[in-house]
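Taking the hints into account, I'd like the entire structure generated from these sequences.
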Amino acid sequence: MSDENMNNPYESFRRLSEMWEKGLNDLLIQSIDNRELIRMTQLGVGVHSRYIERLKRNQELMANIMNIPTKNDVANVAKLTVQAEEKVDTLQQQIWSLQDSFALANQEQHKLLAEIMEFTKQLHTEWVHSAKDLAEAKKITTEMKKMRQELVEARDLKTNLLELKQELIHFSDLKNEVNVLRELLKKEKEDTALAVAGAKE
Numbered sequence: 001m002s003d004e005n006m007n008n009p010y011e012s013f014r015r016l017s018e019m020w021e022k023g024l025n026d027l028l029i030q031s032i033d034n035r036e037l038i039r040m041t042q043l044g045v046g047v048h049s050r051y052i053e054r055l056k057r058n059q060e061l062m063a064n065i066m067n068i069p070t071k072n073d074v075a076n077v078a079k080l081t082v083q084a085e086e087k088v089d090t091l092q093q094q095i096w097s098l099q100d101s102f103a104l105a106n107q108e109q110h111k112l113l114a115e116i117m118e119f120t121k122q123l124h125t126e127w128v129h130s131a132k133d134l135a136e137a138k139k140i141t142t143e144m145k146k147m148r149q150e151l152v153e154a155r156d157l158k159t160n161l162l163e164l165k166q167e168l169i170h171f172s173d174l175k176n177e178v179n180v181l182r183e184l185l186k187k188e189k190e191d192t193a194l195a196v197a198g199a200k201e
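Numbering (the working numbering), first residue to last: 1 to 201.
Simulated from the structure, these hints should not be mistaken for laboratory data. Being a predicted model, the structure only gives us computed values, none of them experimental. A couple of the hints might just be wrong.
Derived DSS-like pairs (lysine-lysine); straight-line CA-CA distance at most 27 Å [to be verified]: (1) Lys87 to Lys71; (2) Lys145 to Lys132; (3) Lys165 to Lys175; (4) Lys187 to Lys165; (5) Lys175 to Lys186; (6) Lys187 to Lys175; (7) Lys111 to Lys121; (8) Lys79 to Lys56; (9) Lys158 to Lys146; (10) Lys132 to Lys111; (11) Lys138 to Lys121; (12) Lys71 to Lys56; (13) Lys186 to Lys165.
Ranges of calculated distance between the beta carbons of each label pair, as one might list FRET restraints [unchecked claim]: (14) Trp127 to Asn106: 22 to 32 Å; (15) Glu11 to Lys87: 54 to 64 Å; (16) Asp73 to Ser97: 46 to 56 Å; (17) Gln107 to Asp73: 25 to 35 Å; (18) Ser97 to His129: 46 to 56 Å; (19) Val45 to Leu80: 52 to 62 Å; (20) Val45 to Lys22: 20 to 30 Å; (21) Glu153 to Leu185: 20 to 30 Å; (22) Gln42 to Gln92: 49 to 59 Å.
All residues carry an ideal CB built from backbone N, CA and C; glycine is no exception.
Here is the structure:
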């Protein structure tokens, strides 16, 4: 078992790294407790930060003069690119929704056009039927006018016949009176003839 551990290079590397880790941890703990080291690091960090700031400003000035993009420019471009991609995505979604709505609108428009065509066909057939009905109604009205005219003529004829009948009745009455008068005249003649014959005897 111990031979295997001795021949395993990873085990020895692990032990070495643990030793280094322990040593560095001890060194860090000792350096943290050292106040002079902390002051020196603070001073060094301050100087280093000022140097970095100056370096950044000089780098930006040189980049502006040479027309070279800086990190800020690249970051701004990256932000703008991300924003543009997001806007393009939103625009693409809006375009898709508009295409869907246009497709729905086209379908509804086709349905509406089909309904309008069906309605116009119905209107046309109804108009044809109403035109036929109107022609028949005109025929009926002309026939009614003719019948009214004939009725008026029949009434006139009836009144004329009634007048003629009255005249015939009056004429028959006159005829009867004439017959009665004839009979009376005949009797008178006979009476006078008898009276004349009786007077002669």
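A quick look at each hint next to the structure:
1. Lys87 to Lys71: Answer holds: Lys87 to Lys71 is near 24 Å, not above 27 Å.
2. Lys145 to Lys132: Judged against 27 Å, a Cα distance of about 20 Å means the pair holds.
3. Lys165 to Lys175: holds (15 Å)
4. Lys187 to Lys165: violated (32 Å)
5. Lys175 to Lys186: holds (16 Å)
6. Lys187 to Lys175: The given pair, whose Cα atoms are some 18 Å apart, holds under the 27 Å limit.
7. Lys111 to Lys121: Distance of about 15 Å is within 27 Å: holds.
8. Lys79 to Lys56: holds (21 Å)
9. Lys158 to Lys146: holds (18 Å)
10. Lys132 to Lys111: violated (32 Å)
11. Lys138 to Lys121: Roughly 25 Å between the alpha carbons, so the hint for Lys138 and Lys121 holds.
12. Lys71 to Lys56: Roughly 10 Å separates the two Cα atoms, so the pair holds.
13. Lys186 to Lys165: This hinted pair is violated, its Cα atoms lying about 30 Å apart.
14. Trp127 to Asn106: 22 to 32 Å: Hint holds: Cβ distance 31 Å, inside 22 to 32 Å.
15. Glu11 to Lys87: 54 to 64 Å: Holds: the Cβ-Cβ distance is about 57 Å, inside 54 to 64 Å.
16. Asp73 to Ser97: 46 to 56 Å: violated (36 Å)
17. Gln107 to Asp73: 25 to 35 Å: violated (50 Å)
18. Ser97 to His129: 46 to 56 Å: Holds: the Cβ-Cβ distance is about 47 Å, inside 46 to 56 Å.
19. Val45 to Leu80: 52 to 62 Å: violated (34 Å)
20. Val45 to Lys22: 20 to 30 Å: holds (27 Å)
21. Glu153 to Leu185: 20 to 30 Å: violated (46 Å)
22. Gln42 to Gln92: 49 to 59 Å: About 53 Å separates the Cβ atoms of Gln42 and Gln92, which means 49 to 59 Å holds.
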